[in-house]
Amino acid sequence: MQVKSRHHLRSDAVSDVETTLEEQLGVSPDGDAYERVEFENTDWEVILIDGEPQVAYFDDEPFLTVRGANVYEPEKQLVTVDSGAISFVSDGADVMRPGITAATDDISPDDLVVIAEETHGKVLAVGRARVEGSDMVGDEGKVVESLHHVGDDLYEFAG
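Mapping of the sequence shown onto UniProt numbering: position 99 corresponds to residue 99, and the numbering continues sequentially without gaps.
The reader is advised that the hints may include incorrect statements.
[Unchecked claim] The calculated BS3-like cross-link candidates involving lysine-lysine, where the alpha carbons are at most 25 Å apart (straight line), are:
id, residue 1, residue 2
1, K122, K76
2, K122, K142
3, K4, K76
Hints in this document: simulated from the structure, not taken from any laboratory. The model shown is predicted, which means the values in this text are computed figures rather than measured ones.
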């Protein structure tokens, strides 16, 4: 991915991002340097916290990247999948009901969510919910659209 622009965030912009992540996910990022990076030929915009791509904008909404979610371990907006779903989710597949073992009740349709595996709690992907969290566990149907996953260009980007 070719970097189009890169600049440090002002303190008010840093505060906005931190507040949003605290409200959405219950996490408090803590870094000395926040840089916003825009790329050529893609909609990705990333915020590097101390040089690490820990926040990205999804439809103009800041949210943790897979790397950021593995650092800060959110407990809200969380969907947990079983071991059978790991390879599919890690390859960017949308998440289906049969693979989900749990989802937090604070999830509404169109919310951004973090997708983690149940054994070790490692985050595999970020997606957009299609249903309420309370309606995610079940027998059939696609319930989370994958937006970013382990191994994609955003994951591989090194600040």
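Here is how each hint holds up against the structure:
1. K122 / K76: holds (15 Å)
2. K122 / K142: holds (21 Å)
3. K4 / K76: Cα-Cα ~33 Å, so violated.
When each numbered hint is compared with the structure, a violation occurs for hint 3 only.
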